[in-house]
Each structure stands twice: as C-alpha cells, then as structure tokens.
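Once you have looked at the hints, place chain V on chain B.
Protein chains: 2
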Amino acid sequence: MDDDQSDRLLGVGILGAAVIAKKVVRGIKVSTAPLEVVAVGSRSIEKAEAFIQETGITTEAKPYGSYQEVLDDERVDIIYMPLPSSMHLEWVKKAAAQKKHVVCEKPLARTSKEADQMIAACQKAGVQFMDGTMWMHNPRTTAMMAKLQDENVMGKLRTVISTFSALGNEEFFAKDIRVQSDLDPLGALGDLGWYCVRACLWAFDFAPPLSVTAHPGSIRNEQKVLMHVGATILFDENRRAVLNCGFDEALNQVVQVSGTTGLLRMYDFVIPREEDSAEFRVTLNPGFADGDTAVVGPTDRHSVKLDRPQESYMWETFARCVEQIKDGRSPAPSWPAMAALTQRIVSAIDESDQAGCKTIQLR
Amino acid sequence: MDDDQSDRLLGVGILGAAVIAKKVVRGIKVSTAPLEVVAVGSRSIEKAEAFIQETGITTEAKPYGSYQEVLDDERVDIIYMPLPSSMHLEWVKKAAAQKKHVVCEKPLARTSKEADQMIAACQKAGVQFMDGTMWMHNPRTTAMMAKLQDENVMGKLRTVISTFSALGNEEFFAKDIRVQSDLDPLGALGDLGWYCVRACLWAFDFAPPLSVTAHPGSIRNEQKVLMHVGATILFDENRRAVLNCGFDEALNQVVQVSGTTGLLRMYDFVIPREEDSAEFRVTLNPGFADGDTAVVGPTDRHSVKLDRPQESYMWETFARCVEQIKDGRSPAPSWPAMAALTQRIVSAIDESDQAGCKTIQLR
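Same order as they appear, the protein sequences are chains B and V.
Here UniProt numbering is used: the first residue of the first sequence is 1, the next is one more, and so on.
Here UniProt numbering is used: the first residue of the second sequence is 1, the next is one more, and so on.
Treat the hints as calculated values from the structure; they're not laboratory data.
Keep in mind that this is a model prediction, so the values were computed, not measured.
Please note that a few of the clues may not be correct.
EDC-like, lysine to aspartate or glutamate: derived pairs with alpha carbons at most 16 Å apart [as the list claims (entries may be wrong)]:
| no. | chain 1 | residue 1 | chain 2 | residue 2 |
| --- | --- | --- | --- | --- |
| 1 | V | Lys-23 | B | Asp-292 |
| 2 | B | Lys-62 | B | Glu-36 |
| 3 | B | Lys-22 | V | Asp-248 |
| 4 | V | Lys-156 | B | Asp-292 |
| 5 | V | Lys-62 | V | Asp-72 |
| 6 | B | Lys-22 | V | Asp-292 |
| 7 | V | Lys-23 | B | Asp-290 |
| 8 | V | Lys-22 | B | Asp-248 |
| 9 | V | Lys-22 | B | Glu-36 |
| 10 | B | Lys-23 | V | Asp-290 |
| 11 | B | Lys-156 | V | Asp-290 |
Computed far set for chain B versus chain V, every beta-carbon distance over 10 Å [unchecked claim]:
| no. | residue |
| --- | --- |
| 12 | Gln-53 |
| 13 | Thr-142 |
| 14 | Asn-238 |
| 15 | Asn-285 |
Ideal placement from N, C-alpha and C gives every residue a C-beta, glycine not left out.
The shape of chain B in the complex, shown without the other chains:
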C-alpha cells in the first residue's frame, strides 16, 4: 500500500475557476512534475465543469460546487488558491487543517497579519506554503542572480528600480476583483506592486529592509482601492529600491539593478515575451571616455532557453518540496519566508500611503 501511495501522482485541487488558474493548469500539464489536477471547486458545479472542459484537463478531475468539497477530496494533496485575497486566510487555514499543501496567489492577504496567520497555520500543520510569484522560478532568474552576486560584474549593488503597470479597460474598472475593497483591497499594489516589491527584495537577496515610504501622488478609486502607487524601500549599506505600479498606463514590466560597476536590466520580468527563451541585459563598466564625448561599456544580451513556461518550473519546485515532506523532511522555509516579507513590504507601502506618505520603519 505504501509503495502504491508513493508512486501515484500528487493531486492538485483548484479553489476557484479564475482566469489565472487556466494558465496554471496548462503549466502543470506541460511540467515534468508528478502532478495532476484532480479537483476543481467553484461557487457552482456548472462553472467547475465548464472550467475542466475548457482547460482540457484529461485526468479524472472532479468538479465541485463548493470549495470545502475540494478540501474533503482525499486525492487532493495540494491546493492552488486563486481566490480573491480577502478569502485567503479562511481557506488557507482550512486547507492546512486538512494537511493540504498550498500554492497561494498574490497578494497573500489583506494585511501582513493575515499573511502571517496563514503561514503559521501551514507551518503548524507541517505543509508546504508558496506564493504564486512565477517569475521567481524562471531559469532566467537564476542566471540573473549569478550576475548580481558576481562582484566582478556588478561591484557593490546600489539601486533597484522596478515598474509594473498594465492598463485597465472599462470592464476592468467596473467589476474586476482588483478594484473592489471587499475582494482585493490592495488593488494595483497587491496585484502589480507585489512583483515589484519581490524584485527589489530578490535583487538584494532578501536583506531585511530598513524602511518603506510611499511616494506622493497615489491614486485610489471611489472604494479607496489603490489604482496607482510608487514607493521607496531603503536597505542598509546605502542601498535603495524604487517602484511604481498602476492600472493607469500601458503594460510595462521593468527591473533595473545598478551596481557600482555594472547594470542589469530586464523588460519583461513578470510575464516573459517569449515562452521558449527569456532575456536580460548586462552592461559592464559603463563610463565616459575622451573628455565626456564618448560612452563606453558594451551591453550584453543574455538569453536563457526554456522548453516550458515559467509556471511549470514553479510547479516542479513545489512538487519537489511536497515529495521531500512525504519523505519525512520539513517544509522548505524559504518560500513562506519570502512570501511573508513581500506581504510585509506591500502592506507597509499601503500603510505609508494611508498615513500621508509617512516613512514606516521596519527595523
């Protein structure tokens, strides 16, 4: 029996038939991980059935007309949670209580306190927790980190500047969950800003920030949900990060990291332009020559080949964590820690903005 159990695929149950979940189903399908989607829960069983049909899940996935039934399905090992962030705390706690591992969409929660409670619940239950920040798992990200940590390339790191914006249309502003205070109250900050904050933390290898300050000029809708915001995050050793995010301008997804001797840039950090390769650029020793009349320092374009989309790599990493837990190891602590710190900074930006751009000290 035990041998049979360990040979079977890990079952994924999806809570909510969201658009993003379709991408995730595809990512699981083409991944090399021993995963299969076995359950989809929605507010109506018809919606869950339609989702299964539409995504062409070929395994025996069961549609459910409630989220609880997904948790109750014994074939489900892992919960994928694309529900609005206001529902995360309740359902992550319930999932953890039933020993389900959790991949939770961003933002984790409405507040940092809620996020910490979710993560504590998973920790207590001994299940793996990870946030769905897919770009972290792209092989490009590993290649970039090698450059960032190479002092011969970057020198000392100084500044990260990140922008993630995407223009909302009329329908979006009328009824998307990200404009509604009772669903995703962090709005553009929780959705787009999450990735920028993560990029800033990632580039500085998750050094604990000193402070967070929102920039003047944020935009909130009539429900007080952030539609645009910018912020500065300070780190020790005179390092700083600046981010801008909003639903009020054309799609733009940039990370620029400056060191004393090098620059690293990418222009499609959240969703790469291509699924079979991902690019970044490194400029080494840029400077002036000949009395400021010439600029030196070539920019090298690095390209990392991929044979599956970045979300597949995320699911492979998550499946490995779960398999190791089944082998008796503890949950990997780094994923929940990165998620919790990201939420803490995101929430601090919201707090700073609400307090008239007051600096929030974090240490």
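Just chain V now, kept in the frame of chain B:
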C-alpha cells in the same frame, strides 16, 4: 561698416578652462554656426594659453589671465560659462551688463533666487540666455517629442522615470568641484539631477509641476553636498515623474515615458553612445493576450542620423537667437524660461531633502 559687422562671425569668449569647455570648443568648430572662439579666460594666462593650444583653436583666440578681460574684449559677443555654479550669478550679471549673450552651464546657480536674478539681468540687458543642456538640442529630442505628442502612439502621458548616475572615483570625491559646498553645493543633484529634472519637464511639455518631494535615503558628504538623491514630481492630470541620480553607481542615463497606450525609452539621453546617430525605442499597445500567457506589442527602435555632435546643434540654435537679436528681435524667451523652471525644481528637491522629505508645493 554695418554690413561688415553683420558679416563677421560671432565671437565666443570662454570663462574658465574647464574640461567641459574642451567639448564645447570642438562642438563650435564642427558646427555650421557663424561662431568662432575669440577669447579664453582663466585664473592664470598660462592656463588659458594651454587650453587654446590643447583644443587646437585655430582662430586668433586670445588668452587672458582673468575673466573680466574676456568681458572687456570687444570681439566677444557670447560668453560660455563653465565656472562652478557659485560664481555664475556674479559673472552672468557682469556679462549681461556688458551686453554679452550667455550660455551658462548647469546647474545655473546655488538657489532658484540666484538663477532668477541672472535671467532677469539678461532680460533687462536684452541679451540671450540659455543653459548648456545639450541633449535638448539633439535632433533625436525633436523626433522623440513628435512621438510623445502623438496621441495615437502614447495615448495620455502618465509617468516619466529618469535615472542619471555616474560613479565618482577617489580623485573625484577628494577634489572635484561637485563635492565642494562653496563651489557646486547642489552636488549630484545639480550636476546629474539637472538632466533628469529637465527630461521630466520636457516630456510633459514644461507643464508647471504641482509639487516636489525628495525620497528618503539621500546621501550627503561631510560638506553636506548631495551625492545621491531621488524625488517625485507631481503634475496635474495624474501625471508624475520619478528621478534618481548619484555619484555612487555606474553610469546610467535612462528616460522612460509611459502613456496609456505607448512607452518611449532611451538609454543614453545625456551623452549619446554614438555621435553620428541617436536611438530611442517606442513600444505601441503593449499588453497581454491569450489569458496572460503572451505579451504583445512590438518595440520599434528609432535611429536619428547626426552629422555632428549634439553640442554643435546647441550652438547653432544659440547663434540663430543672437543673430535674430542683432536683426532687432527680442531674445527668445523659451530658453531662459526652461532653465529657470529646471533650477526651481532642482532647488525644490534640495529644499525638500533638507526638510526631511517634506513635500514642497509649487502651485
């Protein structure tokens, strides 16, 4: 006699044998403008002689061991002023009093009040004033403005993000004029930040800003001169600009303008990588397709051909202004107005930073 006068070349007198002046001499040489360098003043006549020799000025340029003698030289129509900013007010006023037209290096002055006095003196004397922001005169700048003002390309403009940084070396931090409070007290803000501020103002077609707020984390040296600073500038219609500048990281000179439908970027805005062409990039209608799995919207690389360096174009524009004044027209008001507004914003950033990142209201 009058005909003879109008046929002769306009004489340029240089106050101070600075490095930047060498570039300017070259720019004048290869420009199509009716200009010749006729006088160079330095603190010692030997320095002025060496400068003339080194730059290979072939006209009968006269070396002087003082600045006043350059102003007194009747062949001088135009003063080029690369002195430290703390000396600008005195020498621009003296130049204007002797009816000399003035090209003044940036930053204009230590304070916005000083800059306004300089410009008022030129206005009163009926002479042309212009700041030495060379990139404004690059033909690329005109080509970019055509894109920025094309609603079919950019939609509504939203955000400008600009970085200008250049790493100082040991010698620079020990004795450059830009680290000394009695010479260039605005430091990196006056030197590098000037260009960023100008780019932000330029992109929004010099709309008057609403407010300026420095970001936390500025760096001042032991003389309290800014070595690094960031800031947010707000404009009406929910437009904003974010800038970062400093001597503490590798050369980087970026302007990114986001609209609702387009993005414009350039990566060498102050000193172009090439002197015979200048590039910028426009991305039209970037967005997601197919359930967020693909990014659409191609980036077009635009290249503007040049047959002389951008500083030559500046001198040609300035010479035209001077010739029109000789023909009885008034000085062109736009150049001093742009310079004064740039100084006002630069000084407001300094003020905000000194006041603990307090927002400075400008309207």
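Verification of the supplied hints:
| no. | hint | in the structure |
| --- | --- | --- |
| 1 | V/Lys-23 / B/Asp-292 | holds, 8 Å |
| 2 | B/Lys-62 / B/Glu-36 | holds, 12 Å |
| 3 | B/Lys-22 / V/Asp-248 | violated, 45 Å |
| 4 | V/Lys-156 / B/Asp-292 | violated, 35 Å |
| 5 | V/Lys-62 / V/Asp-72 | holds, 12 Å |
| 6 | B/Lys-22 / V/Asp-292 | holds, 10 Å |
| 7 | V/Lys-23 / B/Asp-290 | holds, 9 Å |
| 8 | V/Lys-22 / B/Asp-248 | violated, 45 Å |
| 9 | V/Lys-22 / B/Glu-36 | violated, 69 Å |
| 10 | B/Lys-23 / V/Asp-290 | holds, 9 Å |
| 11 | B/Lys-156 / V/Asp-290 | violated, 40 Å |
| 12 | Gln-53 | holds, 15 Å |
| 13 | Thr-142 | holds, 21 Å |
| 14 | Asn-238 | violated, 6 Å |
| 15 | Asn-285 | violated, 7 Å |
Of the numbered hints stated above, those contradicted by the structure are hints 3, 4, 8, 9, 11, 14 and 15, listed in ascending order.
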